[in-house]
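With the hints in hand, could you dock these two chains into one complex?
Chains A and B supply the protein sequences, listed in that same order. Note that the working numbering has the first sequence beginning at 1, numbered continuously upward. Note that the working numbering has the second sequence beginning at 1, numbered continuously upward.
Just so you know, the hints here were simulated from the structure itself, not pulled from any lab data. We treat Cβ as the ideally placed atom computed from N, Cα and C, and that holds for glycine. Warning: the hint list may mix true and false statements.
[Stated by the list, open to error] Derived list of chain B stretches under chain A, where covered just means 3 residues or more per stretch with a C-beta under 8 Å from a C-beta of chain A:
#: 1; region: 72 to 80
#: 2; region: 97 to 109
[Stated by the list, open to error] Residues from chain A that keep clear of chain B, each with C-beta distances beyond 10 Å, as calculated:
#: 3; residue: Gly-31
#: 4; residue: Leu-38
#: 5; residue: Val-42
#: 6; residue: Arg-65
#: 7; residue: Val-90
#: 8; residue: Ala-104
#: 9; residue: Val-144
#: 10; residue: Asp-160
#: 11; residue: Lys-184
Here are the chains, one letter per residue:
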Amino acid sequence: MLNGLDIEGNSPLHRMPVRGKLIVLFTAAIGLFFLSDLRLLVPALGLAAALFLSTGIGIAEAFRRTRFVLFTVLLVAAANYVFVSPHEAVVVFCRLSILVLLAATITAATGISAFMDEIARLAAPLERLGLVRAADVSLAVGLVIRFVPEILARYHDIADAHRARGLPLRPLTALVPLIILTLKDADTIAMAIDARGFRRH
Amino acid sequence: MTTRDLVLVALFAAIMVVLGLLPPITLGFIPVPITAQSLGPMLAGCILGARRGFLSMLLFLLLVAIGLPVLSGGRGGFAVLAGPTGGYVVGWAFGALVCGLIAERLVREGQNEIAQIAAFVAAAFIGGVVTVYLFGLVWLSYATGNAFLPAVAASAAFLPGDLIKVGIAALAGRAVLAGYPLLPQRA
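This is chain B alone, in the form it adopts within the complex (with noise of 0.2 Å):
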């Protein structure tokens, strides 16, 4: 890895961090607020691709980890990890690097705009939502046994909140893309 890829893992954690010291944006139409952080892993993967992607998250896990307050509302420490949410913050390494693998692999500079936006929403869709579910929901059902599926049923409730994530990210992935290219050269 060049002292580069290394600086923009930094940055991009760095970045994962202030999303998470920003207010919660509240978009009239849905009642859940939007917190911006768990937009983090789509954009690490659209954005860096799936190396550099994967080990920024690792990276801001490892900052949560050692006991810095660096998820939203100022919390942070092993607790996080050990309650029953912590699958979901675990899920967001993962989560970056599929994003990541499809983004590279179905996004090319010279395509046009909108089947570039389409394949970023596959992949922080599959990425961003369905791998960080997948963790999130397995270490969820540990801790709860058997009332695993009622607590699968109230987590549709952050859904909604998800998609308009993906479609951010998405449109986000393809103006960096534009404006500052960095996808392509994957590390």
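Same shape as in the complex, but just chain A (with noise of 0.2 Å):
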């Protein structure tokens, strides 16, 4: 029900250790606010979008996903048009453009479980001050994924039930009972960790 929207592949992007991609990313952001020449930016834009293709996601999924944060950049390009300037419309768009396509480029090229274990990584030095524990984030990301299909079910039962009973759905009458039914259950899914033994003491 939750896959993840990395693409299996073994391109050169692939194999680049997450910090690296990460590291590009966060350097193409700041970057690219210094550049305003549209002799580089309309370049740079057709290099992003190689890279993306590069990942082997194909142009209709490629599209699918980045449709709706590209119609946003589209918006914003368009204020730019009517109150600042033509030019300043394309050096926006190309801008936002490349960065929203290098990073759809880095989440289909990086696994799920890759990404967990740079979290891991990066969550050594937090875990020698005190502050939190590599174990629990990924006790706590297994936990979410597991319990989605769960609380959705509830969903539709709660759903049906007002259907039974001839009542509208109202945004509270859902919410409310779904929220203490979910909650409810953390004690006896806390009970069953500790039984268990997942978490050091």
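Given below as structure tokens:
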């Protein structure tokens, strides 16, 4: 039900370490805002699109994934066209699109387990300070993925109960039982986790 | 943090994912449909309090960042965070934090119902609207450059929907406090 957005493959981007990819993205995010020469921005946009497609994603899927964000980019560019200048609109469009495509490339070329390994490595120094426990982070992510289908099923039960009684489904009458029923499970789940000794104290 | 707090944080992040899977609610009297997901930070702060609410939204952001399609409409991944509206999504975590801080200080179990609802309204508005917009607009101004002010004006279209969400979050927060209180035992 919750499949990751990564695309399987063995391209150079897939093999690059996660930290390296993130450093490139953040460097690009800062660097792009100092760049306003279209002779550089337009080729860079082409390069970003080529990088995204090099992950093996396919054009239709690439468009489906980025269309919503690219739509907001277009809105921002349109505002610049009306209130500033056409040149500025093109610059803003290129800048933001490059950023969005690079970010989508990282998502497509990085598996969820690779991300989790990197998070565990980043958490290690914090763990020594006693701030977080890396094992807790992966336990929490696992719990979320495990419980989403159950909570969704519970929501459908609540909706059915409304229908059976001929009541309209209102935000409050659906949300409140959903939240209470879900959070009431916390004690049982916590006891089960402690009984199995998943968290060392 | 106890195991129970950890599980509450994870379960609320899962509720947040489910809110994104629900179809948008149309109320009839305002044109913008209400997507349930931006209710999440207000609910997290009002129900779990500052620390657990903040952590549950942080966990949700982590799911977005590692590439799970958990945002409404099946969106996810770094592209959403890097886009012009990414600041709002990051603002959710801090919105839940502020909302929880205010709710923890203003809401008492012995108060009458009206006072509790008023306190939850204040918490949900300052946390879920003012704080979230602050983060959203700072990133939007960075992304838009010179056309920032028109962009701010355009975002006012979402204000009526957000005010309705404040009302829903406050009533839900009060109902959960009456039915299954979690806010008084802070983590």
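* Asked: Which numbered hints are broken by the structure, listed smallest first?
  -> 2, 6, 8, 9 and 11
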